[in-house]
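> Here is how the chains run, residue by residue.
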Amino acid sequence: MAYVAVKGGERAITNAHRWLAEDRRGDVAIPEIETDQIREQLSLSVDRVMSEGSCYDRDLAALAVKQARGDLPEAIFLTRAYRTTLPRFGASLPVETGQMAVRRRISAAFKDIPGGQVLGPTFDYTHRLLDFTLAANGETSVDRALEAEEPQAYPMATIASVFAHEDLLEPDTQTDEAPAPFDLTREPMAFPAGRDQRLQALARGDEGFLLSLAYSSQRGWGSTHPLCAEIRLGEVAVEFIPDELGFAIEIGELTLTECQMISTYGGGVDTAPQFARGYGLTFGHCERKAMSMAIVDRALRDAAAGEASAPCQDEEFVLYHSDNVEASGFVQHLKLPHYVDFQADLQLIRRQRRDYAERAAAMKEAAE
Amino acid sequence: MAAQPVVEATPERRRWLSILAKAQPKEVLAAWEGLASPPEYRALRSPEIGMVLVRGRMGGSGDAFNLGEMTVTRAAVRLDSGETGIGYVAGRDRRHAEIAAAVDAMMQSADLRPSVEGAVIAKLARTQDERRDTAARKAAATKVDFFTMVRTRSPG
Chain A
1 MAYVAVKGGE RAITNAHRWL AEDRRGDVAI PEIETDQIRE QLSLSVDRVM
51 SEGSCYDRDL AALAVKQARG DLPEAIFLTR AYRTTLPRFG ASLPVETGQM
101 AVRRRISAAF KDIPGGQVLG PTFDYTHRLL DFTLAANGET SVDRALEAEE
151 PQAYPMATIA SVFAHEDLLE PDTQTDEAPA PFDLTREPMA FPAGRDQRLQ
201 ALARGDEGFL LSLAYSSQRG WGSTHPLCAE IRLGEVAVEF IPDELGFAIE
251 IGELTLTECQ MISTYGGGVD TAPQFARGYG LTFGHCERKA MSMAIVDRAL
301 RDAAAGEASA PCQDEEFVLY HSDNVEASGF VQHLKLPHYV DFQADLQLIR
351 RQRRDYAERA AAMKEAAE
Chain B
1 MAAQPVVEAT PERRRWLSIL AKAQPKEVLA AWEGLASPPE YRALRSPEIG
51 MVLVRGRMGG SGDAFNLGEM TVTRAAVRLD SGETGIGYVA GRDRRHAEIA
101 AAVDAMMQSA DLRPSVEGAV IAKLARTQDE RRDTAARKAA ATKVDFFTMV
151 RTRSPG
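Residue numbers (my numbering), protein chains in the order written: chain A, 1 to 368; chain B, 1 to 156.
Since the hints were derived computationally from the structure, they do not count as laboratory data.
Take the hints with a grain of salt, since some may be wrong.
[Said to hold, decoys possible] Derived BS3-like pairs (lysine-lysine); straight-line CA-CA distance at most 25 angstroms:
{"no.": "1", "chain 1": "A", "residue 1": "Lys364", "chain 2": "A", "residue 2": "Lys66"}
{"no.": "2", "chain 1": "B", "residue 1": "Lys123", "chain 2": "B", "residue 2": "Lys26"}
{"no.": "3", "chain 1": "A", "residue 1": "Lys111", "chain 2": "B", "residue 2": "Lys143"}
{"no.": "4", "chain 1": "B", "residue 1": "Lys138", "chain 2": "A", "residue 2": "Lys111"}
{"no.": "5", "chain 1": "B", "residue 1": "Lys143", "chain 2": "B", "residue 2": "Lys123"}
{"no.": "6", "chain 1": "A", "residue 1": "Lys66", "chain 2": "B", "residue 2": "Lys26"}
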């Protein structure tokens, strides 16, 4: 079979992109949306793009949302592409979420958690009725949030610290001289995956994919019956050691969402029964994602213990398919010309049909 | 891994560098432009945009894992009087990093320090404290007050 040279389409592509730009702008009688409006008013879109784009920069994410016409996986792709153009100055010290300036912190498991149940700015308990005043022309006046006499005490105790003295919750371990954590942006996926590799992959992973996996685990595909021990949202300082200084300085503050899921673990020969934990951490306010991540992290820990039986416990299945830039690239590459593949398939199918017809004719003849 | 430290780590310097980094670019610019006579300086390192890989802790307090990256801009300047300063600030605002470096240098000079200590550092710190306090008060206003339903039973 000879290859057929396929060239051309440049004019069509240029014109298609020009039309795309026009469509992006929409009706010119309506004011153009500014990136700072997106940053301020579509802040949860911005947060998702930063999280899965794996690059914390609100202005950049807002620009990506605008350019992608609100298509968040496309915006995530743009963010990932941009970050490859920047040099990396180094890695931060690990952020200390226990020191978070908390705006929201709830525990669905433990009603009397020290510091209390602080709802923060949440969709929870809204009635999910469309508010048509937001669609009214002109400015809608917004009542400012109420401020309490006394500010929320700082820092707020974590669920882990509350139960630490009883050893009821599996403790975290900090190793002296721990090697640098696995970095997916520099090393290919490897199995069995350490928890550091897994958490990095899940933190970049697609919210929808992780949500469905977490849901499947709750419904019985994998025996995780988690309780939400803690969700916290707030601001955390980032420390970095510049080479020219040689000591750590704070270089900024990030908004993070953290989730701790717990589920009972019956113990073993050497371990007493206790609550095992799953962990979720995201840039920005991505609560659904952080919860899903924590459930999937917990489910994958069964895999490490050789108890895997469900999709959400299969680390190769989960980690190989969680990245929406890769997934979308592979699925959507099918839109690109596959003329040669099709020609080959066509020849094969035609030959098979000819063989089939010949066999059928021979059988008919034999029967007569 | 770290190169020769140029200076001693002082809690004071860490504090002002932190305040400069956590301030919003427009606040830093406004404070700088409010200075009566900002000193002359030259760039040792022109503002450069890059990234820092942000690490979290597994489980919240365990060993590190890589969470994702953040954009960071850095700059280094030398004042005509000889002091050098550095700026490392989140985001991609070159001017923010450069002013941070200039203020860092000024804070190291006994002569120049009084002109920026109040007008820049204290001012930015106050804004940040207020912002934090406001958020903490808003948070406290959303704290759930549980009450227990007491069931009263008629005697007998």
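> So, against the hints stated earlier in the document, which numbers end up violated here?
1 and 5
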